[in-house]
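There are 2 protein chains.
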Amino acid sequence: MREIRTVACVGAGVIGGGWAAHFLARGFRVHAWDPAPDAEEKLRTLIDRAWPALTEIGLAEGASRDALTVFGTLAAAVEGADFVQESGPEKLPAKRRLLADIDAAAGQNVVVASSTSGYGMTEMQADARTPGRLVVGHPFNPPYLIPLVEVVGGELTEPWAVAEAAAFYRRVGKSVITMDRELPGFIANRLQEALWREALHMVANGEATVEQIDTAITEGPGLRWPAQGPCLTFHLAGGEGGMAHMLDHFGPSLRSPWTRLTAPELTGELRDAMVSGCAEEAGERSIAELVAERDRAIIAVRRAVAQARDRGSR
Amino acid sequence: MREIRTVACVGAGVIGGGWAAHFLARGFRVHAWDPAPDAEEKLRTLIDRAWPALTEIGLAEGASRDALTVFGTLAAAVEGADFVQESGPEKLPAKRRLLADIDAAAGQNVVVASSTSGYGMTEMQADARTPGRLVVGHPFNPPYLIPLVEVVGGELTEPWAVAEAAAFYRRVGKSVITMDRELPGFIANRLQEALWREALHMVANGEATVEQIDTAITEGPGLRWPAQGPCLTFHLAGGEGGMAHMLDHFGPSLRSPWTRLTAPELTGELRDAMVSGCAEEAGERSIAELVAERDRAIIAVRRAVAQARDRGSR
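Same order as they appear, the protein sequences are chains R and W. Our numbering numbers the first residue of the first sequence as 1 and each following residue consecutively. Our numbering numbers the first residue of the second sequence as 1 and each following residue consecutively.
If you are wondering where the hints come from, they were derived from the structure by calculation, not from laboratory data. A hint or two may mislead.
Pairs count within a copy or across copies, as identical chains cannot be separated in the list.
[Said to hold, decoys possible] In silico SDA-like cross-links for lysine to any residue, where the CA-CA straight-line distance does not exceed 20 angstroms:
#	residue 1	residue 2
1	K42	H245
2	K42	V70
3	K91	P257
4	K91	P252
5	K42	R29
6	K91	H245
7	K91	S64
8	K91	T122
9	K91	E79
10	K91	L247
Model the full assembly from the supplied sequences, consistent with the hints where possible.
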């Protein structure tokens with residue numbers, strides 16, 4: 001695998017800038033480019049604001065904001081880089097053009113990853129000359145603090161590029177989900193987007209306010225999700241019977257109009273997939289152990305959030 | 001308002017038992033009833049498992065597990081109670097029957113709250129003799145740790161009952177959202193259920209595994225939601241432009257097939273409602289302050305969860 005010392009960040013808005021902050025904190029040289037006239041100023045402000053958090057987490061040896069260089073052209077930013085992270089506007093024609101331009105300027109076998117929120121690489125790589133090195137590397141905001149990166153290639157992507165991107169992200173402290181097939185919105189955004197769209201419907205219909213929606217999450221299920229995802233959460237809602245009891249008990253609710261999204265039919269096959277998936281994820285942890293872990297986590301999360309808010313108000 | 005010293009918990013499974021643990025920890029006497037033959041043993045086990053967490057949070061003066069009495073009949077459990085929390089099976093005919101039975105046994109003007117996950121009180125109170133005191137008081141699992149309770153009445157519910165339930169829940173440390181209209185699934189469950197249904201579709205179609213879904217949330221957006229709900233989260237995704245920039249920038253993505261839930265049309269009215277809602281929720285906090293608050297919270301949440309997991313594995 002190519003040794004990576006310099007990362008090019010193409011597009012330096014909230015996501016591209018967040019990536020730049022992350023790579024700088026991990027000790028890399030960062031080459032940035034963004035066509036907006038005030039891009040450099042905004043980028044440096046974003047990095048300055050992120051730096052206290054990054055310092056608290058712990059900077060890599062030699063990490064410095066001085067390792068950032070902002071270039072006047074895309075080609076100049078990309079040509080000396082060992083890895084390229086593209087975070088341009090979320091419009092398909094623009095993505096396709098930008099990725100083709102990056103591909104034309106990048107060194108041989110340099111992996112080019114796109115931060116796209118949901119486009120498939122197959123549709124984005126169409127105009128590139130060497131599409132085999134183009135992958136999706138989808139982060140969450142802020143990329144310097146949220147570990148998740150979803151990695152997936154397109155039809156023309158070569159397996160080595162997917163493997164290299166995943167390995168690189170892991171090396172810089174990310175939690176990587178490598179997907180073996182393209183899916184619009186990937187995994188996390190499909191889940192998050194379903195929730196978001198329901199929220200928009202509710203506001204549009206006067207069913208709830210923005211603040212009620214946020215409170216419903218921060219004081220409710222949002223407190224469980226950092227520790228246990230939606231599946232394991234419901235595994236515990238079933239008591240000692242776990243996911244099996246939960247689906248048998250609450251299964252009929254899936255036909256209730258509790259959201260505008262219609263549920264799939266709860267076939268025996270789906271039920272069994274959920275049950276065995278939870279068993280696999282739980283591993284050797286019993287329901288009692290998972291409950292204890294969840295309870296410790298919720299208490300700690302509530303305290304952590306309260307302290308973080310409190311520090312801000314002083 | 002009636003002085004509340006004794007709470008009846010009707011139904012003592014995961015939710016009813018969790019409520020019992022909460023009320024005991026807050027220093028109340030709890031009268032429980034559940035028709036299952038092993039209900040008392042399971043209930044006492046659940047409370048014993050919850051007690052370390054409740055002790056760590058801090059018990060109310062005089063709080064004791066000995067303040068729990070399990071009764072052999074519903075009427076005996078309910079008749080001496082000052083507040084009734086119903087947590088029976090999530091089936092409409094059963095709910096309707098159970099609430100009518102509770103109503104027949106409960107003292108005058110005692111509020112009866114249902115833990116239903118999503119039925120409307122209007123459809124549940126149909127068989128009760130004095131339906132005016134029946135309200136929904138919907139908690140989240142575990143009720144002894146997650147603060148949110150959604151309170152809403154039915155068509156026949158009298159306003160004093162809604163007000164009393166909300167006041168009582170606040171007094172016992174809950175975060176209450178009082179809804180002024182019935183909505184199947186209320187607010188939090190509509191949001192959570194949309195996410196859950198998308199997850200079930202993905203498993204049913206082999207698009208993601210249970211573990212990938214959980215990881216996508218715990219390592220991704222789930223880390224933001226305890227501190228800032230979905231609206232404020234996206235307010236910050238817009239950079240200095242906030243929700244307005246976010247909707248103008250990512251608005252077209254709402255038409256992308258990123259989830260099976262179709263988005264509402266992003267009318268000017270909806271856009272403005274989201275923008276002003278975020279402005280109201282943010283209050284005097286600037287984007288920079290919100291970003292700093294979020295960053296502190298994410299770091300603290302990640303540490304808290306890592307420690308909670310670590311303590312479990314020793």
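How the hints compare with the structure:
1. K42 / H245: So K42 and H245 pass the 20 angstroms test across copies only (15 angstroms; inside, 52 angstroms).
2. K42 / V70: within (12 angstroms within a copy, 63 angstroms between copies)
3. K91 / P257: Cα proximity of K91 and P257: across copies only (14 angstroms, versus 33 angstroms in one copy).
4. K91 / P252: between (40 angstroms within a copy, 8 angstroms between copies)
5. K42 / R29: within (19 angstroms within a copy, 58 angstroms between copies)
6. K91 / H245: Between. Shortest inter-copy distance 15 angstroms satisfies the 20 angstroms Cα cut-off; intra-copy 44 angstroms does not.
7. K91 / S64: neither (33 angstroms within a copy, 60 angstroms between copies)
8. K91 / T122: The answer is within: 15 angstroms in one copy meets 20 angstroms, while 46 angstroms across copies does not.
9. K91 / E79: For K91 and E79, neither the intra-copy (24 angstroms) nor the inter-copy (64 angstroms) Cα distance is at most 20 angstroms.
10. K91 / L247: This pair counts as between: shortest inter-copy Cα distance 14 angstroms, intra-copy 40 angstroms.
In summary, the structure is inconsistent with hints 7 and 9 from the numbered list given earlier, while agreeing with the others.
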